[in-house]
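Heads up: the protein sequence lines correspond to chains Y, X, Z and D, in order. With UniProt numbering, the residue at position 11 of the first sequence is 11, and numbering never jumps. With UniProt numbering, the residue at position 193 of the second sequence is 193, and numbering never jumps. With UniProt numbering, the residue at position 40 of the third sequence is 40, and numbering never jumps. With UniProt numbering, the residue at position 174 of the fourth sequence is 174, and numbering never jumps.
Be a bit skeptical, because a hint or two may be false.
The list treats identical chains as one, so a pair stands whether inside a single copy or across any two.
[Said to hold, decoys possible] Lysine-lysine pairs mimicking BS3-like chemistry, simulated, CA-CA at most 27 Å apart:
id: 1; residue 1: 239; residue 2: 161
id: 2; residue 1: 242; residue 2: 344
id: 3; residue 1: 340; residue 2: 52
id: 4; residue 1: 295; residue 2: 53
id: 5; residue 1: 139; residue 2: 223
id: 6; residue 1: 344; residue 2: 239
id: 7; residue 1: 139; residue 2: 226
id: 8; residue 1: 134; residue 2: 300
Everything labelled a hint here was simulated from the structure, so no lab data went into it.
Listed here are the chains, written in short residue letters.
4 protein chains.
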Amino acid sequence: MDYVYGPGRNHLFVPGPVNIPEQVTRAMNRNNEDYRSPAIPALTKVLLEDVKKIFKTTSGTPFLIPTTGTGAWESALTNTLSPGDRIVSFLIGQFSLLWIDQQQRLNFNVDVVESDWGQGANLDILASKIGQDKSHTIKAVCIVHNETATGVTNNLATVRKILDHYQHPALFLVDGVSSVCALDFRMDEWGIDVALTGSQKALSLPTGMGIVCASPKALEASKTAKSVRVFFDWNDYLKFYKLGTYWPYTPSIQLLYGLRAALDLIFEEGLDNVIARHGRLAKATRLAVEAWGLKNCTQKEEWFSDTVTAVIVPSYIDSSEIVRRAWKQYNLSLGLGLNKVAGKVFRIGHLGNVNELQLLGCLAGVEMVLKDVGYPVKLGSGVAAASAYLQNSTPLIPSRI
Amino acid sequence: MDYVYGPGRNHLFVPGPVNIPEQVTRAMNRNNEDYRSPAIPALTKVLLEDVKKIFKTTSGTPFLIPTTGTGAWESALTNTLSPGDRIVSFLIGQFSLLWIDQQQRLNFNVDVVESDWGQGANLDILASKIGQDKSHTIKAVCIVHNETATGVTNNLATVRKILDHYQHPALFLVDGVSSVCALDFRMDEWGIDVALTGSQKALSLPTGMGIVCASPKALEASKTAKSVRVFFDWNDYLKFYKLGTYWPYTPSIQLLYGLRAALDLIFEEGLDNVIARHGRLAKATRLAVEAWGLKNCTQKEEWFSDTVTAVIVPSYIDSSEIVRRAWKQYNLSLGLGLNKVAGKVFRIGHLGNVNELQLLGCLAGVEMVLKDVGYPVKLGSGVAAASAYLQNSTPLIPSRI
Amino acid sequence: MDYVYGPGRNHLFVPGPVNIPEQVTRAMNRNNEDYRSPAIPALTKVLLEDVKKIFKTTSGTPFLIPTTGTGAWESALTNTLSPGDRIVSFLIGQFSLLWIDQQQRLNFNVDVVESDWGQGANLDILASKIGQDKSHTIKAVCIVHNETATGVTNNLATVRKILDHYQHPALFLVDGVSSVCALDFRMDEWGIDVALTGSQKALSLPTGMGIVCASPKALEASKTAKSVRVFFDWNDYLKFYKLGTYWPYTPSIQLLYGLRAALDLIFEEGLDNVIARHGRLAKATRLAVEAWGLKNCTQKEEWFSDTVTAVIVPSYIDSSEIVRRAWKQYNLSLGLGLNKVAGKVFRIGHLGNVNELQLLGCLAGVEMVLKDVGYPVKLGSGVAAASAYLQNSTPLIPSRI
Amino acid sequence: MDYVYGPGRNHLFVPGPVNIPEQVTRAMNRNNEDYRSPAIPALTKVLLEDVKKIFKTTSGTPFLIPTTGTGAWESALTNTLSPGDRIVSFLIGQFSLLWIDQQQRLNFNVDVVESDWGQGANLDILASKIGQDKSHTIKAVCIVHNETATGVTNNLATVRKILDHYQHPALFLVDGVSSVCALDFRMDEWGIDVALTGSQKALSLPTGMGIVCASPKALEASKTAKSVRVFFDWNDYLKFYKLGTYWPYTPSIQLLYGLRAALDLIFEEGLDNVIARHGRLAKATRLAVEAWGLKNCTQKEEWFSDTVTAVIVPSYIDSSEIVRRAWKQYNLSLGLGLNKVAGKVFRIGHLGNVNELQLLGCLAGVEMVLKDVGYPVKLGSGVAAASAYLQNSTPLIPSRI
């Protein structure tokens with residue numbers, strides 16, 4: 001049943017699904033249960049409270065949906081908008097492209113703001129569109145916080161500032177798939193109306209749970225939104241929330257206990273420490289890339305992503321060959337370049353439950369692969385650059401002091 | 001993290017989610033993996049072939065969707081039908097009711113054929129409607145194979161005969177959630193166009209995978225079906241099937257390996273033996289109910305379900321109290337009566353990876369609970385009736401002969 | 001890798017190894033760890049404190065030895081006695097026989113007091129021997145608390161009374177393998193000098209940890225005991241206890257965490273409630289045996305074991321055939337008759353983490369097997385007798401009230 | 001229950017217990033079973049055949065003993081020797097010291113050949129002793145193949161040559177704890193009489209199984225060996241081997257299935273490839289140590305160990321501080337210096353199921369720790385040296401080509 005066995009650990013550095021900590025695997029190692037017994041609602045009740053903390057919201061209403069990020073997108077859109085509604089959306093990479101594709105297929109009137117892949121969302125254009133929209137035809141601004149294909153993080157605070165500046169009532173919908181629990185994310189402070197993520201990203205769970213959090217304004221909008229929805233309808237959940245039984249259909253018992261364990265780990269480390277760790281590992285990765293003489297796909301520092309780094313390879317190298325080779329020789333899983341940047345970049349995911357030495361092992365592997373495919377890297381150079389930074393910045397593990 | 005601990009095993013006899021065999025738990029006890037490496041497509045390819053066997057189809061195209069049964073319903077409907085389409089649907093219990101509710105909210109023109117709860121779908125009315133529909137306004141017949149709320153199994157062969165008799169082109173959509181892998185199910189022979197099930201039922205997996213299987217005719221219909229769909233769109237899957245990478249979005253690695261293990265167990269036992277085992281356990285349950293002097297909610301033998309038995313309690317007893325007490329005192333999980341039959345019936349699920357002695361333990365528990373709540377049952381009577389049948393009909397375990 | 005698969009749960013009713021609760025399996029589902037880091041000593045320290053509670057001792061010193069019950073026996077004997085020492089030992093079944101065999105091979109001068117298999121230790125003879133031994137040539141009394149082969153429990157309090165009555169200084173060594181954590185066991189109150197058990201019995205762990213608890217008097221004796229021992233030498237442990245690193249050689253990390261989980265469950269249920277549960281299940285089993293018209297191998301009520309019941313079959317039946325058939329047809333694991341009672345008895349183990357309905361499932365299975373092999377049992381009779389008792393005596397699960 | 005949590009994987013580089021591959025953890029994730037059913041003997045039979053392969057013996061008889069390496073030592077000695085027997089034993093580090101301590105406590109007449117810690121066994125002295133021993137007073141030569149405390153591997157072929165040269169009949173007893181399954185080990189070719197290892201070393205299992213393999217000559221010796229033994233007596237096993245039930249006392253069901261999985265992985269990789277991988281990782285480690293400007297505790301290349309490298313630190317550094325810091329800051333577990341070399345060396349275990357990038361992560365961690373504690377290491381230097389070698393020598397993973 002185990003295909004393509006290689007000795008030792010698989011070094012999983014795709015930007016999702018990510019490494020599951022043993023504590024979570026353990027918590028999920030269980031039989032099914034009756035989800036209508038008192039046990040599962042008791043567990044769910046606390047989970048719904050606790051999951052709000054990772055969005056930094058107190059006023060939001062969370063939904064734990066048996067789906068993926070794609071489903072979470074659909075949940076966010078169809079519950080708040082009606083067909084034909086004008087929305088502004090930013091195309092900056094493969095995942096924003098896919099969300100826009102979904103928006104269009106759901107029959108919204110999508111005002112696409114495109115940037116080069118490697119750049120962030122063009123918020124100047126957003127400001128201009130919002131400023132001009134005196135009649136409030138724009139119903140929503142949709143933005144991917146962190147574009148996983150290019151390693152670009154958008155500035156959500158600025159989006160809020162623009163909307164506030166013009167006192168524009170558009171809903172603010174955010175894909176936090178590769179950001180929540182890893183990057184600085186402040187749903188309430190930034191006035192986000194719908195934020196969403198998936199279990200297999202920074203939460204470090206298996207795939208299968210889409211987590212969507214709706215502001216009171218979003219809930220209000222859902223009462224009049226005319227998009228057809230059933231499976232993704234928040235209302236079915238809200239009905240069961242009131243009953244205290246919580247589930248309109250069968251949840252994954254295992255993912256609920258897994259989420260409990262994942263949140264426990266995050267809270268034990270401290271959410272802000274988790275975010276700082278992501279910052280530390282990302283910075284170390286960028287220093288390694290620089291030491292190798294390679295370019296980050298992200299064009300400006302302000303957009304650097306702390307969860308994924310897309311590395312541009314010289315034109316004489318096919319980045320897919322790097323990914324293939326890493327897996328075939330070193331049991332190292334890297335991210336492919338997607339769509340426009342296919343063959344041109346490979347990606348290092350540094351998100352979720354991962355630490356310094358895991359990353360350094362990965363970087364050492366990348367160095368060897370680069371050399372294997374003909375790039376004249378100085379072996380050890382990236383690790384040295386990353387180590388120099390990490391050795392100065394890695395705190396003692398609090399529980400071990 | 002473990003709420004409401006009681007010593008010993010939980011006796012899980014709700015009609016889903018059901019007991020997961022240790023082999024499946026084991027197979028799922030693993031880290032995430034890159035689903036874009038060659039390993040996961042290789043695994044998926046074989047799974048897609050093998051999963052067709054449990055539907056008894058060779059011509060169908062299966063989809064493994066990260067969702068629940070409710071999502072699988074939506075996938076079946078939205079890929080094959082357009083808003084306003086007339087469909088015939090049978091209301092015979094809570095789950096058929098929920099599917100009809102979904103059909104209506106998806107804006108189909110639902111021709112509801114209602115029966116008393118405890119009766120099967122009224123196929124005479126279907127015959128009459130189909131017979132009269134010379135102009136083929138009926139686009140689909142939607143039927144729940146096994147109504148989990150009342151323990152009623154509908155006759156799918158008859159539905160096919162009616163359609164054939166009138167040479168009616170309506171699509172034949174079947175909810176097989178509590179039937180596939182447990183009841184006699186023949187997708188190709190019965191000309192079913194879309195069949196679906198959920199992982200947490202007779203497959204004995206955790207919740208989280210909706211399995212939908214489409215006939216060539218259904219696939220053809222999907223090309224013109226105008227229902228809005230993105231997450232549930234088969235087309236996104238088909239595109240990736242062609243590429244050989246299989247997944248339009250991240251699957252649950254764990255559920256894939258779990259499905260592999262679950263199918264292995266089913267094939268080792270033999271699908272027909274699995275179905276025979278369900279028949280045996282169901283018959284034993286019904287004999288026990290009779291011995292207790294209680295009534296089966298299912299009104300005629302032809303509709304008896306081999307996966308769930310709904311038992312009517314005397315009017316002076318609240319069936320919910322039976323379910324509560326079973327859990328509180330004997331660590332036994334039974335199914336509640338739902339909606340119209342709330343308080344009136346309790347349900348014994350006997351589906352999935354379960355055997356004779358597990359069932360007899362459950363029946364012994366039900367007897368004690370019945371006595372606890374004031375019903376004058378003769379302790380041991382149900383077990384005796386069930387045992388007498390099982391002792392004569394249980395084969396030796398083939399691998400142990 | 002799974003031999004001889006049968007659908008559904010294996011019904012494990014041998015008197016060890018017993019069913020492992022899911023919580024324990026989960027806790028053990030982990031990688032190795034450095035046992036010299038601060039984590040394992042911290043864990044061990046608390047375990048050593050907590051494990052004393054299951055022996056009801058505050059003055060004892062526990063040793064967690066990577067071995068089985070046989071090794072625990074050897075540890076008890078070789079640390080406290082010298083070759084040639086006279087010891088009194090009781091032969092009442094296969095396990096006491098094996099211990100005596102060990103005592104003889106370790107060159108002690110064993111004064112064997114034999115009883116019929118099915119009877120308890122003859123304590124009158126003990127009294128007589130102790131009474132006559134004015135010169136204190138008897139260095140130890142060795143007794144198996146619960147003889148697992150015949151289902152006989154000896155009265156330890158009486159042994160202590162005898163020793164006290166004659167103010168005899170003999171060490172009091174007790175095999176508690178199938179008793180500790182299941183039967184009333186009071187190391188301090190009964191003045192037991194060495195008590196021992198194995199992880200795979202009432203603690204409901206995998207095999208591999210022998211737990212030995214020594215009184216101050218036993219520790220004192222170990223300073224002069226001349227039996228050769230290295231692996232089993234307590235002194236090696238005590239040296240590391242002082243250092244606070246605890247382990248003279250590598251422990252099983254998994255069993256340590258498993259023991260933690262097992263103790264947590266026992267303390268949550270309450271040790272006295274655990275013992276009461278064993279009493280309840282045992283009584284129910286005996287009532288079933290009586291209802292079947294069969295005899296308990298245990299000849300008097302005072303010796304009835306609450307952890308295992310050995311059932312005598314009619315002479316025209318081979319009890320091994322019952323055990324074989326139970327496994328082959330019903331996935332039920334019963335205990336064979338051993339040595340003198342081979343073919344004559346089969347055994348039902350009712351110890352460890354097991355509950356009422358599990359037992360009733362087993363009893364229903366035994367009934368069917370009895371009928372299968374030609375014994376004219378009335379199906380349901382045993383279950384009825386057991387249920388009648390259990391229905392009146394089973395308390396609500398405290399956490400669920 | 002999880003003490004001292006740190007984010008990400010623990011980097012386990014002590015020389016045992018080592019990392020358990022997920023496949024093995026999975027295989028062990030199971031309930032207990034009746035070890036007297038036909039399943040466990042069937043499993044055991046094949047395990048006993050397969051386990052001989054890792055010793056490279058066809059004529060040996062293996063014993064799977066529920067114990068640790070210390071117990072396996074005792075099994076080897078007590079089954080083949082009698083008190084007072086003269087044996088030659090080599091003291092070259094902490095583990096050979098402990099074995100000698102055991103030999104002395106078991107009352108053998110131990111002729112200790114001591115070397116400086118960091119040197120191998122002095123085989124010249126052996127040759128001299130054997131040469132002089134015309135009357136064959138030497139009953140056994142006991143040698144630790146790989147001294148885990150100092151990273152020294154002894155030359156077993158030479159020992160055999162010496163014995164053969166003088167046609168000396170002494171038994172040849174080998175501790176292969178940190179060598180079997182990792183270093184070149186040829187029981188039959190080298191005429192080893194007893195070879196032993198522990199499950200938690202190169203087999204990459206949890207602790208708890210001592211594996212002892214006896215030559216026909218050793219079995220013959222066991223018939224007359226007068227050392228007292230019961231738990232460790234081979235004869236008890238052999239009796240049950242003949243019966244085909246295999247177990248004189250309860251084995252760990254989980255470790256048996258774990259061993260099955262561990263052997264499957266080793267055979268899939270190929271034992272010789274496993275050994276080559278150990279050679280590769282060890283060489284890389286030594287190159288890193290050299291690049292750091294540090295000394296290997298092993299004084300000559302001929303003794304270099306491919307499973308553990310002991311690194312000497314400058315006298316102004318306490319090596320324990322390195323180990324503590326690695327764990328506290330980087331979740332890296334290194335081996336302490338023991339006894340004579342406490343504070344002077346730290347150890348990197350590179351044995352078991354581990355691969356190149358895991359090792360490079362560890363080496364990167366060691367570099368940072370060295371700097372943290374004040375040693376002027378050039379960060380990246382060791383990784384560069386190791387990578388340069390690994391990049392040239394690491395083969396593609398066969399299953400992925």
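Hint-by-hint comparison with the structure:
1. 239 with 161: Neither. Shortest intra-copy (34 Å) and inter-copy (40 Å) distances fail the 27 Å Cα cut-off.
2. 242 with 344: between (51 Å within a copy, 24 Å between copies)
3. 340 with 52: Answer is neither; intra-copy 36 Å and inter-copy 36 Å both fail.
4. 295 with 53: neither (36 Å within a copy, 50 Å between copies)
5. 139 with 223: Within one copy only: 15 Å inside, 31 Å across.
6. 344 with 239: between (49 Å within a copy, 23 Å between copies)
7. 139 with 226: Classified as both; 13 Å inside a copy, 25 Å across copies.
8. 134 with 300: neither (32 Å within a copy, 66 Å between copies)
Hint compliance for this structure: hints 1, 3, 4 and 8 are not met, and every other hint is.
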